[in-house]
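If you're matching them up, the sequences are chains A and B in order.
Numbered per our numbering, the first sequence spans residues 2 to 132.
Numbered per our numbering, the second sequence spans residues 8 to 102.
Mixed in with the good hints, there may be bad ones.
Claimed, not checked - Taking lysine to any residue and the SDA-like style, the derived pairs with C-alpha atoms no more than 20 Å apart in a straight line are:
no.	chain 1	residue 1	chain 2	residue 2
1	B	84	A	93
2	B	84	A	85
3	B	84	B	12
4	B	84	A	88
5	B	84	A	46
6	B	84	A	67
7	B	84	A	82
8	B	84	B	74
9	B	84	A	94
10	B	84	B	28
11	B	84	A	23
12	B	84	B	41
13	B	84	A	63
14	B	84	A	16
15	B	84	A	50
16	B	84	B	37
17	B	84	B	73
18	B	84	A	8
19	B	84	B	26
20	B	84	A	64
Stated by the list, open to error - Far from chain B, by Cβ distances over 10 Å, these chain A residues were calculated:
no.	residue
21	3
22	25
23	45
24	55
25	56
26	62
27	87
Said to hold, decoys possible - Quick look at which bits of chain A chain B covers, simulated, 3 or more residues with Cβ under 8 Å:
no.	stretch
28	14 to 24
29	63 to 77
It should be emphasised that the hints constitute simulated quantities derived from the structure, not laboratory data.
Yeah, the Cβ is synthetic: ideal placement off N, Cα and C, and Gly gets one too.
The lines below spell out each chain.
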Amino acid sequence: MVDALHLVGGGLVVAGALLTLLGGVGVLRFPDVYTRIHAASLTDTGGATLVLLGLALISGLTLETLKLGLVWVFVMLTTPAAANALANAAFSAGHTPRIGAFQIMKSLAAGEARSDTQRRETSDDDKSSPP
Amino acid sequence: MLLAAGVAGLVVAMTMMIWRAIVGPSQYDRMLAANSLGTKIVLLIAVIGYLSGRPAFLDIAIVYALINFVTTIALMKFFRYRTLSRPLGPEAKDG
Chain A
2 MVDALHLVGG
12 GLVVAGALLT
22 LLGGVGVLRF
32 PDVYTRIHAA
42 SLTDTGGATL
52 VLLGLALISG
62 LTLETLKLGL
72 VWVFVMLTTP
82 AAANALANAA
92 FSAGHTPRIG
102 AFQIMKSLAA
112 GEARSDTQRR
122 ETSDDDKSSP
132 P
Chain B
8 MLLAAGVAGL
18 VVAMTMMIWR
28 AIVGPSQYDR
38 MLAANSLGTK
48 IVLLIAVIGY
58 LSGRPAFLDI
68 AIVYALINFV
78 TTIALMKFFR
88 YRTLSRPLGP
98 EAKDG
């Protein structure tokens, strides 16, 4: 029983690490600040949930489970708030979203509207600094 | 064994975040990388604590999560207003 719980907990930890790894790939590959924020925020909350749930299954019903729950509450409170504030700061600093149909947001942006409304080549080695 | 695999995955993801923080085109990419790296460090501390048989590392993980959030908010305030002594409010918004 305990071995089965350890196995399931270890599997959850590995699944959370793989989700975090997927978020790292997204942060490296996505072409825009907002898409990178999206990838990092979602995979951080999901990966933290999986890893901490796996560690809670390993530790059983002890004081460490309470601490793991506390860490989970902090991560789930702070990561979406930090991602929202980061996107807000980037948008108010004049960053315009680059891919997709963001026409309304482009007209609302603080900087001048970009002229290239067509879908960009999604390469991550863009040297163009934002306005 | 599984916990060691989790530690390896987290370390690789942290390397990706450090790479994004180095080559990031804008300062917001770097702030995002720093914040996400902090979250991954919290998870890494917790998993390493269980891997080495010392779950008291979770206290360090809690403290690191709080410090990470405060660091991100302070960095954003600094990069937006170029100082830390002005209030965060809509009246101080200068773009």
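Going down the list of hints, with the structure as the test:
no.: 1; hint: B:84 x A:93; in the structure: holds, 12 Å
no.: 2; hint: B:84 x A:85; in the structure: holds, 13 Å
no.: 3; hint: B:84 x B:12; in the structure: violated, 37 Å
no.: 4; hint: B:84 x A:88; in the structure: holds, 13 Å
no.: 5; hint: B:84 x A:46; in the structure: violated, 23 Å
no.: 6; hint: B:84 x A:67; in the structure: violated, 33 Å
no.: 7; hint: B:84 x A:82; in the structure: holds, 14 Å
no.: 8; hint: B:84 x B:74; in the structure: holds, 15 Å
no.: 9; hint: B:84 x A:94; in the structure: holds, 12 Å
no.: 10; hint: B:84 x B:28; in the structure: holds, 18 Å
no.: 11; hint: B:84 x A:23; in the structure: violated, 29 Å
no.: 12; hint: B:84 x B:41; in the structure: holds, 15 Å
no.: 13; hint: B:84 x A:63; in the structure: violated, 39 Å
no.: 14; hint: B:84 x A:16; in the structure: violated, 35 Å
no.: 15; hint: B:84 x A:50; in the structure: violated, 28 Å
no.: 16; hint: B:84 x B:37; in the structure: holds, 14 Å
no.: 17; hint: B:84 x B:73; in the structure: holds, 17 Å
no.: 18; hint: B:84 x A:8; in the structure: violated, 44 Å
no.: 19; hint: B:84 x B:26; in the structure: violated, 24 Å
no.: 20; hint: B:84 x A:64; in the structure: violated, 36 Å
no.: 21; hint: 3; in the structure: holds, 14 Å
no.: 22; hint: 25; in the structure: violated, 3 Å
no.: 23; hint: 45; in the structure: violated, 5 Å
no.: 24; hint: 55; in the structure: violated, 8 Å
no.: 25; hint: 56; in the structure: violated, 6 Å
no.: 26; hint: 62; in the structure: holds, 13 Å
no.: 27; hint: 87; in the structure: violated, 6 Å
no.: 28; hint: 14 to 24; in the structure: holds (count 8)
no.: 29; hint: 63 to 77; in the structure: holds (count 7)
Checked against the numbered hints above, the structure violates hints 3, 5, 6, 11, 13, 14, 15, 18, 19, 20, 22, 23, 24, 25 and 27; every other hint is satisfied.
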